[in-house]
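There are 2 protein chains.
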Amino acid sequence: MDMKGLYADSIRGLKSSKIRELMKMASKPGIISLGGGMPDSVNLPFDSVKEIINQWSHKRAIDALQYGATKGFTSLIEKIKERMVEKKGISMDGQDIIITTGSQQALSLVSKLFLNPGDTVIVEIPSFIGAIAAFYSFMGIVEGVEVDEKGIIIEVLEKKLEHLKKLGKEVKFIYTIPNFNNPSGITLSMDRRKRLLEVANRYEIPIVEDDPYGDFYFTGDENDYRPIKSLDDSGTVLYLGTFSKVLSPGIRLGWIIAREDIIARLELQKQSFDACTPLLSQVIAEDYMKRGYIESYIVKMRKIYKTKRDAALKSLERYMPSEVKWTKPEGGFFIWVTLPEEMDPEELFKRTVEKNVAFVTGDAFLPENYKNRYIRLSYSNISVEDMDKGIKIIAETIREMM
Amino acid sequence: MDMKGLYADSIRGLKSSKIRELMKMASKPGIISLGGGMPDSVNLPFDSVKEIINQWSHKRAIDALQYGATKGFTSLIEKIKERMVEKKGISMDGQDIIITTGSQQALSLVSKLFLNPGDTVIVEIPSFIGAIAAFYSFMGIVEGVEVDEKGIIIEVLEKKLEHLKKLGKEVKFIYTIPNFNNPSGITLSMDRRKRLLEVANRYEIPIVEDDPYGDFYFTGDENDYRPIKSLDDSGTVLYLGTFSKVLSPGIRLGWIIAREDIIARLELQKQSFDACTPLLSQVIAEDYMKRGYIESYIVKMRKIYKTKRDAALKSLERYMPSEVKWTKPEGGFFIWVTLPEEMDPEELFKRTVEKNVAFVTGDAFLPENYKNRYIRLSYSNISVEDMDKGIKIIAETIREMM
Chain A
1 MDMKGLYADS IRGLKSSKIR ELMKMASKPG IISLGGGMPD SVNLPFDSVK
51 EIINQWSHKR AIDALQYGAT KGFTSLIEKI KERMVEKKGI SMDGQDIIIT
101 TGSQQALSLV SKLFLNPGDT VIVEIPSFIG AIAAFYSFMG IVEGVEVDEK
151 GIIIEVLEKK LEHLKKLGKE VKFIYTIPNF NNPSGITLSM DRRKRLLEVA
201 NRYEIPIVED DPYGDFYFTG DENDYRPIKS LDDSGTVLYL GTFSKVLSPG
251 IRLGWIIARE DIIARLELQK QSFDACTPLL SQVIAEDYMK RGYIESYIVK
301 MRKIYKTKRD AALKSLERYM PSEVKWTKPE GGFFIWVTLP EEMDPEELFK
351 RTVEKNVAFV TGDAFLPENY KNRYIRLSYS NISVEDMDKG IKIIAETIRE
401 MM
Chain B
1 MDMKGLYADS IRGLKSSKIR ELMKMASKPG IISLGGGMPD SVNLPFDSVK
51 EIINQWSHKR AIDALQYGAT KGFTSLIEKI KERMVEKKGI SMDGQDIIIT
101 TGSQQALSLV SKLFLNPGDT VIVEIPSFIG AIAAFYSFMG IVEGVEVDEK
151 GIIIEVLEKK LEHLKKLGKE VKFIYTIPNF NNPSGITLSM DRRKRLLEVA
201 NRYEIPIVED DPYGDFYFTG DENDYRPIKS LDDSGTVLYL GTFSKVLSPG
251 IRLGWIIARE DIIARLELQK QSFDACTPLL SQVIAEDYMK RGYIESYIVK
301 MRKIYKTKRD AALKSLERYM PSEVKWTKPE GGFFIWVTLP EEMDPEELFK
351 RTVEKNVAFV TGDAFLPENY KNRYIRLSYS NISVEDMDKG IKIIAETIRE
401 MM
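Chains as they are written, first to last, in the numbering used here: chain A, 1 to 402; chain B, 1 to 402.
Keep in mind that the hints were calculated from the coordinates and are not lab data. Incorrect hints may appear among the rest.
If chains are identical, the list can't say which one is meant, so a pair holds when it fits in one copy or spans any two.
[Stated by the list, open to error] Here are the simulated BS3-like pairs of lysine-lysine, each with C-alpha atoms no more than 25 Å apart in a straight line:
#	residue 1	residue 2
1	LYS59	LYS300
2	LYS160	LYS303
3	LYS50	LYS290
4	LYS392	LYS314
5	LYS325	LYS150
6	LYS300	LYS50
7	LYS150	LYS371
8	LYS371	LYS350
9	LYS392	LYS308
10	LYS71	LYS88
11	LYS165	LYS194
12	LYS169	LYS4
Chain A extracted, bound-state conformation (with noise of 0.2 Å):
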């Protein structure tokens, strides 16, 4: 039987991405790898899950092993809003939350929500790539904006809206990372976070608004890093939180915060999608959060990201030739690193895999069409001396191909 026959017209146009190809090439033993955006195994928060687990009584497991609500473990809920208020400044009032399988499921809920096929979805140059393949897995159109040092630029944004506007095309929401963007670095400032707020007013269109990396700023405090959400007093933004990146990525938890009437539309659709979130998973972040735990892992973890980014600054000054450029991150995960013109990322990527030595190639982070002369760099899940060595490596090779 021809079951390629019998596919959806949505299944026909995913690829495996030469991402995945690549990476399978890097994933020998042994290699060092500035690629994969993970948390710092090393400190991965393992004997709280465990002391947490050992303290449940028999009701409280039954509540972690049985079906819940679609919506999420209440008591997490309000854990949540709680610290969103204090944290973030986000005021609860008509909005409300939604607990995802992780912040992916987050965005195919919200490409789901509003995505028929043709629709727009701008994003900045560059996004993330997972944002970018629940977009076109919904058969979306990705239309990117350029950025600058201080994020997307309000005027080629609103250029585009209105050239869009012309063409009869629907924009049916603006994704915008705006801490620490993955893969870029970058960071919206205060003053461009309310001029694109008051854009999205004008013309109409939600903002989806996804902040992982929130919590790992390296100057500054948390007014500084401020959501977009913070300043939304009309329901404009769809938030998307995760607990990933401060207290594991293997729990899968993230939240949606919105409307409450868009919060109960993603709650039907999230039915049919894995029925409801991982209750382990939730029970252990309650803990986590009701013990204080989440507040102190994120102290000492901003400082040893923190170091790291220092490093990963200082290696690139010192190894890399004044043709390369790179961005210098206020927090998060990532360097998105420019290669001289006329450099080709994944040829670079072959010579340095070679070598031991792998990162991501920047092609997954642009729409379709971009033309790629970027590589990603990552330091947060690897120790500073692998770093300096990896980093001088990739340096090295630059130099031989220029």
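For chain A, the structure is supplied; the task is to place chain B on it using the hints.
Just chain B, lined up with the frame of chain A:
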């Protein structure tokens, strides 16, 4: 901003199901519930889970807390393969497995794989609410085929397929729960399994076989309940398994067995759904299988569920008026009750809830436009005493209404 105007077409049709509204009425404390199809809370294997986690090394804990492969944790996949060959008689030649976030996600993935808006799915009447919801959510059309005490009636199925062919309708797959169907409790006979597969091959339509309850048979042995997949040598069947009934629903783990090329497609799709299934759950499940806990748990629970089934049937015999009919399940969690003609299941529900007894009305398990005169009773997560009380009250209320 009126976001409703921005929603995708597939979302506009989503309605909060009547069943959920009714279940809200039934969530008052102290209620005797024959409603939700949950495994027995009292016997969820929490001690095994705790023991497993306490014995993890630091390396193993990192496996559990980090990101993992979209397809699933390799060593868990291997364990499942072994068990499927050994206990279910499924050949893995040319077949592969993807781990899903519960089998609800499997249903959603399969729907996304095959369904363009307006495509048809064939289901048994009645069929699983979560499956029907997934098919509707991807804008499929659900066509029901009648069953008798041996399961789906092959002649009716063939007629339906001929009819749909003449109308030019594209049937994308046949969805079936051969073992102890949810909600009917009916088992598809071995003879009909063969004939169903033969029909599917002749019409070149895949079968999606959902088997959550197959391990919980109360008579005969495992050979009597071999999946259709075990008879399939041409890759026609996509088999759905789950850990929800043999370990815990709260860990959200299921799997799909299908041809390698189909699994590869599903893997691409799953990337944007939730990146990967919770590793914490997957590593627990691997240990649970490796230590043989799964087999001893199944043996223990088979006895417990059989005792409950026996008690439920006894109470029905004892209390119900002769106008009421019900199925006699050979396994699983459910009994499907046919009310006297012209009796309104929803009215019955409202009256029994007043008396602190709940069940599920049948409409959610029927494709749109089927008249409902059924209720589903679940005996899996209730004590024998409460069950007897509950069935007595339901029977009394039916008499009042006759």
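Going through the hints against the structure:
1. In this assembly of identical chains, the alpha carbons of LYS59 and LYS300 lie at most 25 Å apart only when taken from different copies (21 Å versus 33 Å within one copy).
2. Neither within a single protomer nor between protomers do LYS160 and LYS303 lie at most 25 Å apart by alpha-carbon distance, with minima of 39 Å and 66 Å respectively.
3. Taking the closest pair of Cα atoms, LYS50 and LYS290 come within 25 Å of each other both inside a single copy (15 Å) and across two copies (21 Å).
4. Taking identical chains as interchangeable, the C-alpha atoms of LYS392 and LYS314 lie at most 25 Å apart only when both belong to the same chain, with a minimum of 11 Å there against 77 Å between chains.
5. Taking the shortest Cα distances, LYS325 and LYS150 sit within 25 Å of each other inside one copy (16 Å), while across copies they are farther apart (70 Å).
6. For the homomeric pair LYS300 and LYS50, the shortest alpha-carbon distance inside one copy (19 Å) is at most 25 Å, but the shortest distance between copies (27 Å) is not.
7. Proximity of LYS150 to LYS371 under the C-alpha cut-off of 25 Å is restricted to the intra-copy arrangement: shortest distance 22 Å within a copy versus 60 Å between copies.
8. In the homo-oligomer, the alpha carbons of LYS371 and LYS350 lie at most 25 Å apart inside one protomer (18 Å), although the nearest pairing across protomers, at 63 Å, exceeds that limit.
9. In this assembly of identical chains, LYS392 and LYS308 lie within 25 Å of each other by CA distance solely inside one copy; the values are 15 Å within and 67 Å between copies.
10. With identical chains, the CA atoms of LYS71 and LYS88 are at most 25 Å apart within one copy only, with a shortest distance of 22 Å there and 35 Å across copies.
11. In the homo-oligomer, the alpha carbons of LYS165 and LYS194 lie at most 25 Å apart inside one protomer (22 Å), although the nearest pairing across protomers, at 57 Å, exceeds that limit.
12. Taking identical chains as interchangeable, the C-alpha atoms of LYS169 and LYS4 lie at most 25 Å apart only when they sit on different chains, with a minimum of 18 Å there against 31 Å within one chain.
In terms of the numbered hints stated before, the structure departs from hint 2 and from no other.
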